[in-house]
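**Student:** Each chain, written out:
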Amino acid sequence: MRRHRLRWWEALPWIAGLAFYFAFPDYLGFGCDLLVTILFALSLDLALGYAGIITLGHGAFFGVGAYTVGMLASYNIWTEPITGLLLAAAVAGVIGFLSGLVLLRTTGLTLLMLTLCTMTLLYEAANMAAAYTGGFDGLPSLPISPVFGVFEFNPLYADTQYLFALGVILVCFIFVRILVYSPFGQSLTGIRENVLRMHAIGSPVRRRLIVCYTISAALAGVAGGLSAQTTAFVNLAVLGLDRSATVLIVLILGGYGRLYGAFIGAVVYLALEHFLAQIYPAAWQLGLGIVLVLIALFARNGILGLGETLWQRFGPRRAAP
Amino acid sequence: MSEIRLETQGLSRHFGALVAVQGVDFKLGVGARHALIGPNGAGKTTFINLLTGVLPATRGRVLLSGRDISATVQAERVKLGIARTFQINRLFRGLSVLENVCMAVAERVGTAGAMFYPAGRRTDIIDESIQLLQTLKLADAARHRVSELPYGRQRLVELAIAIGLRPEVLLLDEPAAGVPSAESHIILDAIEGLPEHIAVLIIEHDMDVVFRFAKRVTVMVSGAIFAEGTPREIEANPQVREVYLGQAGHAATARAHHG
Chain S
730 MRRHRLRWWE
740 ALPWIAGLAF
750 YFAFPDYLGF
760 GCDLLVTILF
770 ALSLDLALGY
780 AGIITLGHGA
790 FFGVGAYTVG
800 MLASYNIWTE
810 PITGLLLAAA
820 VAGVIGFLSG
830 LVLLRTTGLT
840 LLMLTLCTMT
850 LLYEAANMAA
860 AYTGGFDGLP
870 SLPISPVFGV
880 FEFNPLYADT
890 QYLFALGVIL
900 VCFIFVRILV
910 YSPFGQSLTG
920 IRENVLRMHA
930 IGSPVRRRLI
940 VCYTISAALA
950 GVAGGLSAQT
960 TAFVNLAVLG
970 LDRSATVLIV
980 LILGGYGRLY
990 GAFIGAVVYL
1000 ALEHFLAQIY
1010 PAAWQLGLGI
1020 VLVLIALFAR
1030 NGILGLGETL
1040 WQRFGPRRAA
1050 P
Chain P
960 MSEIRLETQG
970 LSRHFGALVA
980 VQGVDFKLGV
990 GARHALIGPN
1000 GAGKTTFINL
1010 LTGVLPATRG
1020 RVLLSGRDIS
1030 ATVQAERVKL
1040 GIARTFQINR
1050 LFRGLSVLEN
1060 VCMAVAERVG
1070 TAGAMFYPAG
1080 RRTDIIDESI
1090 QLLQTLKLAD
1100 AARHRVSELP
1110 YGRQRLVELA
1120 IAIGLRPEVL
1130 LLDEPAAGVP
1140 SAESHIILDA
1150 IEGLPEHIAV
1160 LIIEHDMDVV
1170 FRFAKRVTVM
1180 VSGAIFAEGT
1190 PREIEANPQV
1200 REVYLGQAGH
1210 AATARAHHG
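Just so you know, the sequences run in chain order S and P.
With the working numbering, you'll find the first sequence wraps up at 1050, consecutive numbering, no jumps.
With the working numbering, you'll find the second sequence wraps up at 1218, consecutive numbering, no jumps.
Among the clues, some could well be false.
A partial selection of chain S residues facing chain P, derived with a Cβ cut-off under 7 Å [stated by the list, open to error]:
| hint | residue |
| --- | --- |
| 1 | D888 |
| 2 | S911 |
| 3 | F913 |
| 4 | L925 |
| 5 | R926 |
| 6 | H928 |
| 7 | A929 |
| 8 | I930 |
| 9 | S932 |
| 10 | P933 |
| 11 | A961 |
Hints listed in this document are in silico derivations from the structure and should not be mistaken for laboratory results.
Quick reminder that beta carbons are idealized off the backbone N, C-alpha and C, glycines included.
Just need the whole structure built from these sequences, with the hints factored in.
**Tutor:** Take a look at the structure:
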């Protein structure tokens, strides 16, 4: 019941994030990718990890957020980055809410297929509206106003982008952290653990799921918007299955339903991708596949879950929490 | 019988051609201690599912304190005061015993949708849950994961969650099922300790439990009510013996006399 209290190690990701800025000034573009992936995985964790909503189409909301920021900036309608992200959250949230109203009547495989369909429909819509979305060539060189009117986004050197992204995910993370330890978050865990029991204690299960899905979609929209801002580019790939599958792998790798699984998973995934691609440029996905098989066989709860198990077995003895 | 809390009128449920529950007229009074017995497949659990709204009725009505709740959804019926336990445990296995009970209490109090403060700060809900666990002699296990408890104590958590909803009507679907007989007394003690005003309907196969607990017994056979009366009347009813108790019944009733 005291799980919500902050622990000392929770400062580590943020210290590491800042350290990265000073230690690898040449890799800040990569760092932005990493931060965007973390935020996207965090949004998925809320839906999949906490509420148990099985989805393969979370990229839909990432894409909606990216296009919201991208199209507004490309046509010079709105270029301010912070409010731009809020708009991305709002539009993705609305799409999440509307699709959730329909989708969340289903569960399991049906739900999985319907989330995939939603994303595919959006992909085709963006493709057909190529005159506005730029189609597969996308919208390049998006103009983004300086943060707070002062700090310019430099297209060649991503230092401002990196710190901005770090700030955004800190705010989003605090929000998600408050949410998962709240009574609402507890009830999401209850729905995941035993939905029949939740019905039997009078919980409005579907309403809770829709609220959760909407919030999760809005956060994915922020991640998408952030991606468009930090790369100054958006194209159809943001709505592709690749990205949704990747974020799912990230979460499984790191451990779902654990908040920090998104962080660990994103770091490990991108590091694997980076190094494996150097060693086996043609077949790096084979290495990733093997790691995934190992995780599925021996560490169902991901790297964090494995760590917890080892800690409980070999760590210092103490009373039950 | 005193004031009627829960009533059904001509309640039926069909699954395709199968009639699982057939024209059941049933009354449960305030503070009732009522047992529902019958052979396997008699429709007892389906009947509970109709009362709680898990399944819609094909025909007939369910009335709670005279109010027609036939069209009311399950979650709303819980708010109106109908709680149940399950024949097979349906718990939040990954959570602690205390969290299991708090989940129900928070839902009842109406704070379970709150988003912006930690659940652990609601000391009123936690205190109430701990008190409840104390009355069920579960307080020592409050911080243990449910999945770590022996099965008998897990059954108690089922009961704790239902009581945490402060029901007017409590439907117990074989509360002692699967519990080793050495442990079943803890379930029975807990049921006997329930607040008096609650109307309790218990489905049970164990005749010891039925005769110890129930003031009235309804026998259900093939989806319909076959007989109803006091435990002694049911026991003495030759048709019930024939249809339901069979040969095993003699042994069970004999044991009941000794108990």
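**Student:** Return the numbers of the hints above that this structure violates; sort them in rising order.
**Tutor:** 1 and 11
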